Amino acid sequence: MTAWGALPMLAVMLPVLGMVLALPAGARGAERITLALLPVGIALAVGTAAAVQASGAPVVHLLGHWAPPLGLSFRADGLSAAMLLTAALVVAAVALFARAGFGTAAGAPETRAAFAFWPLLLALWGATNLVVVATDLFTLYVALELLTFAAMPIVCLDGKRATLEAALRYLMFALLGSVLYLLGVALIYGAYGTLDFVLLAGKARAEVPTYVAVALMTAGLLAKTALLPLHLWLPPAHAGAPPAASAILSALVVKGSFVILVRLWFGVMPGLAAPAAAQVLGALGAAAILLGSVAALRQERLKLLVAYSTVAQIGYLFLMFPLLVAAPGHEAFAAKTWTGGVLQAVSHAFAKASMFLAAGLIAARLGQDRIDGLAGAARLLPVPVAAFGLAGLSLMGVPPSGGFAAKWMLLTSAIEAGQWWWALVILGGGLLTGSYVYRVMAAALTGDGTQPALRRPDKREKIVLALALVSVVLGLLPLAAFGLVQVGRLDLAP
Amino acid sequence: MTATVFGLVGALLTGIGLFGLLARPEPLLRILAFNVLGGGIFLVFGAVARRGAGAGFAGDPVPQAIILTGIVVAFAATTLAVALLLRIASDDESDPS
Numbered sequence: 128m129t130a131w132g133a134l135p136m137l138a139v140m141l142p143v144l145g146m147v148l149a150l151p152a153g154a155r156g157a158e159r160i161t162l163a164l165l166p167v168g169i170a171l172a173v174g175t176a177a178a179v180q181a182s183g184a185p186v187v188h189l190l191g192h193w194a195p196p197l198g199l200s201f202r203a204d205g206l207s208a209a210m211l212l213t214a215a216l217v218v219a220a221v222a223l224f225a226r227a228g229f230g231t232a233a234g235a236p237e238t239r240a241a242f243a244f245w246p247l248l249l250a251l252w253g254a255t256n257l258v259v260v261a262t263d264l265f266t267l268y269v270a271l272e273l274l275t276f277a278a279m280p281i282v283c284l285d286g287k288r289a290t291l292e293a294a295l296r297y298l299m300f301a302l303l304g305s306v307l308y309l310l311g312v313a314l315i316y317g318a319y320g321t322l323d324f325v326l327l328a329g330k331a332r333a334e335v336p337t338y339v340a341v342a343l344m345t346a347g348l349l350a351k352t353a354l355l356p357l358h359l360w361l362p363p364a365h366a367g368a369p370p371a372a373s374a375i376l377s378a379l380v381v382k383g384s385f386v387i388l389v390r391l392w393f394g395v396m397p398g399l400a401a402p403a404a405a406q407v408l409g410a411l412g413a414a415a416i417l418l419g420s421v422a423a424l425r426q427e428r429l430k431l432l433v434a435y436s437t438v439a440q441i442g443y444l445f446l447m448f449p450l451l452v453a454a455p456g457h458e459a460f461a462a463k464t465w466t467g468g469v470l471q472a473v474s475h476a477f478a479k480a481s482m483f484l485a486a487g488l489i490a491a492r493l494g495q496d497r498i499d500g501l502a503g504a505a506r507l508l509p510v511p512v513a514a515f516g517l518a519g520l521s522l523m524g525v526p527p528s529g530g531f532a533a534k535w536m537l538l539t540s541a542i543e544a545g546q547w548w549w550a551l552v553i554l555g556g557g558l559l560t561g562s563y564v565y566r567v568m569a570a571a572l573t574g575d576g577t578q579p580a581l582r583r584p585d586k587r588e589k590i591v592l593a594l595a596l597v598s599v600v601l602g603l604l605p606l607a608a609f610g611l612v613q614v615g616r617l618d619l620a621p
Numbered sequence: 045m046t047a048t049v050f051g052l053v054g055a056l057l058t059g060i061g062l063f064g065l066l067a068r069p070e071p072l073l074r075i076l077a078f079n080v081l082g083g084g085i086f087l088v089f090g091a092v093a094r095r096g097a098g099a100g101f102a103g104d105p106v107p108q109a110i111i112l113t114g115i116v117v118a119f120a121a122t123t124l125a126v127a128l129l130l131r132i133a134s135d136d137e138s139d140p141s
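If you're matching them up, the sequences are chains A and B in order.
Its first residue numbered 128, the first sequence is counted upward by one per residue in this note's numbering.
Its first residue numbered 45, the second sequence is counted upward by one per residue in this note's numbering.
It is worth saying that the hints were derived from the structure and are not from the lab.
What you are looking at is a predicted structure, and each value in this text was computed from that prediction instead of being measured.
Honestly, I wouldn't trust all of these hints.
Covered stretches of chain B (in silico footprint by chain A; criterion: 3 or more residues with CB under 8 Å from a CB of chain A, positions within the stretch not fixed) [to be verified]:
1) 69-78
2) 82-90
3) 103-115
4) 121-128
Some chain A residues near chain B, calculated using beta-carbon distances under 7 Å [said to hold, decoys possible]:
5) 212
6) 272
7) 288
8) 289
9) 295
10) 298
11) 299
12) 300
13) 302
14) 303
15) 309
16) 310
17) 313
18) 316
19) 604
Each residue gets a CB set at the ideal place from its N, CA and C atoms; glycine is no exception.
Produce the entire structure from the sequences given, and follow the hints as far as they go.
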């Protein structure tokens, strides 16, 4: 138990408490509760990050003062702090954006979609926070399920046939992922008698049960992260989802299972990670980058283009695995890979949230979102189109964006590790990303000769632009600032 | 001895469930397969509890707590999936095209 340990615990508890209170409060009350919790959540995330940075050690909270293995602990290290901050800011932006679609104006009747949306948003927030701070593998299972159970209904809020079928498909993938993960948890418990990954870090041995368990859990988590070839659920789930739901799904939900995977590989079994298996994960990531980008390039609908871009960007995260496995003994190099991977997760979260919300505004204004029909969009909606372009720069990896810093670190790590093939993939992925972002921008910047009618400025455009700017500004921060994400890495523990 | 039998039955159920979940296209069958698979995993957990017994207990109580929580979560998942399926089915009835 360390000082400030209550901060990450409250970051989990408050959204959950808010969700419980929101259910009897009705749509209007739920909206108020959510908006009231936003500043508190941001403050808690900033506080956690400050405490981790100041002490240079993870912030730990023991629930009910019971220490693992008997009790459960919450542990916020640098990675958790970065993800808590990302989650708080993205949820805040999405909540403010969603007031236009799911808000209940004074005197207006409450709608069912609004009543469902706000508690689900709080549930997603609480579950994301739990995923990044819990240390018990079974608690993580429950957190993953919470994430799925909240994400599945929020993507099919419109209730259309195709959306419901996409949601069912998503649920099936997610359930398969969770049972495989749970089976791995059972084997780990059978082998070591504890599920706390801090305790496991010192105990895990290179034995068959460990490898089988980690393989099962990895497969399960890949299905939830939507890494190729288990990405099939993601584009259809995005197709009919409200823009706010898509933003959360791509920015946060798929990152949750990725964080667990990183902890499993480099926390529970550092040193046991097999180079061959890590190369397979890297190869899947590379395939996701290339095939996902090509698929994005071929889409006709803007929203699906952005969804396939998520499939591709998730691939970059998995390049961390072969590089970190090759790293033991090269601390500076491992630190760079680690920072690059985490920065990719964070900058993609902001960029992709901005892109989905911008695509939502464009689709709402034009009444359709076919890329061929985007002509004149830049004149009608200059701010969202500019935000889309800025976020695209970050995805491509153009300096000085956050995406550039992340990809640059991964690229140089790959060359230093002598694994130049990943560097080629990163460069090729950047070119393909540039092509699909160009395709959208070129279509949107074509004029259709009409003068747009005057309209009231839309507050939502500023939110979309702010998210895109954050993803770009991340690249301008001095690298020393990212010392934060190194704190508490379990693979460094003696 | 019983722990071994439970473990083997659990493994069998896990295999059957996994096959059903991966190989059957019908949503309802897949939901049932998910439940069979879950049952198998809980049995494996039970066998683990029996084998890990120590300190004069007949079994390790932690896996039993985990099984209970797991059953609740699996039940919630089943309910969600069936609700979604019913919604899609009622859509079919109201709109036969």
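Cross-check of the supplied hints:
Remark: the segment 69-78 of chain B is confirmed as covered by chain A, as 3 of its residues place a Cβ nearer than 8 Å to a Cβ of that chain, reaching the required three. For the segment 82-90 of chain B, the stated coverage by chain A holds: 4 residues have a C-beta nearer than 8 Å to a C-beta of that chain, and at least 3 were required. For the segment 103-115 of chain B, the proposed coverage by chain A is satisfied: 6 residues have a C-beta within less than 8 Å of a C-beta in that chain, meeting the threshold of three. With 4 residues having a Cβ less than 8 Å from any Cβ of chain A, the segment 121-128 of chain B passes the three-residue criterion, so the hint holds.
Hint status for residue 212/A: violated, given a least beta-carbon distance of 28 Å to chain B, over 7 Å. Using the Cβ-Cβ criterion of 7 Å, the hint placing residue 272/A at the interface with chain B is satisfied: the shortest such distance is roughly 5 Å. At a threshold of 7 Å, the smallest CB-CB gap from residue 288/A to chain B is about 5 Å, leaving the interface hint in force. Interface restraint check for residue 289/A: the shortest CB-CB distance to chain B comes to about 10 Å, outside 7 Å, so the restraint is violated.
A cut of 7 Å between beta carbons decides the hint on residue 295/A: the least distance to chain B is about 5 Å, and the hint holds. Evaluation of the residue 298/A hint against chain B yields a held restraint, the C-beta minimum of about 5 Å falling below 7 Å. Interface hint status for residue 299/A: upheld, as the beta-carbon distance to the closest one in chain B is roughly 6 Å, under 7 Å. A cut of 7 Å between beta carbons decides the hint on residue 300/A: the least distance to chain B is about 10 Å, and the hint is violated.
Checking residue 302/A against chain B: minimum C-beta separation of about 5 Å stays under 7 Å; hint holds. Annotation: residue 303/A was flagged as interfacial toward chain B, and the flag holds, the nearest CB pair being 6 Å apart, inside 7 Å. Below 7 Å, beta-carbon pairs count as interface contacts, and residue 309/A has one with chain B at about 5 Å; its hint therefore holds. Using the Cβ-Cβ criterion of 7 Å, the hint placing residue 310/A at the interface with chain B is satisfied: the shortest such distance is roughly 5 Å.
Restraint check, residue 313/A versus chain B: the minimum CB separation of about 5 Å is within 7 Å; hint holds. Among the interface hints, the one on residue 316/A holds; its C-beta lies about 6 Å from the nearest C-beta in chain B, closer than the 7 Å criterion. For residue 604/A, the suggested interface contact is broken, since its CB lies about 39 Å from the closest CB of chain B, more than 7 Å.
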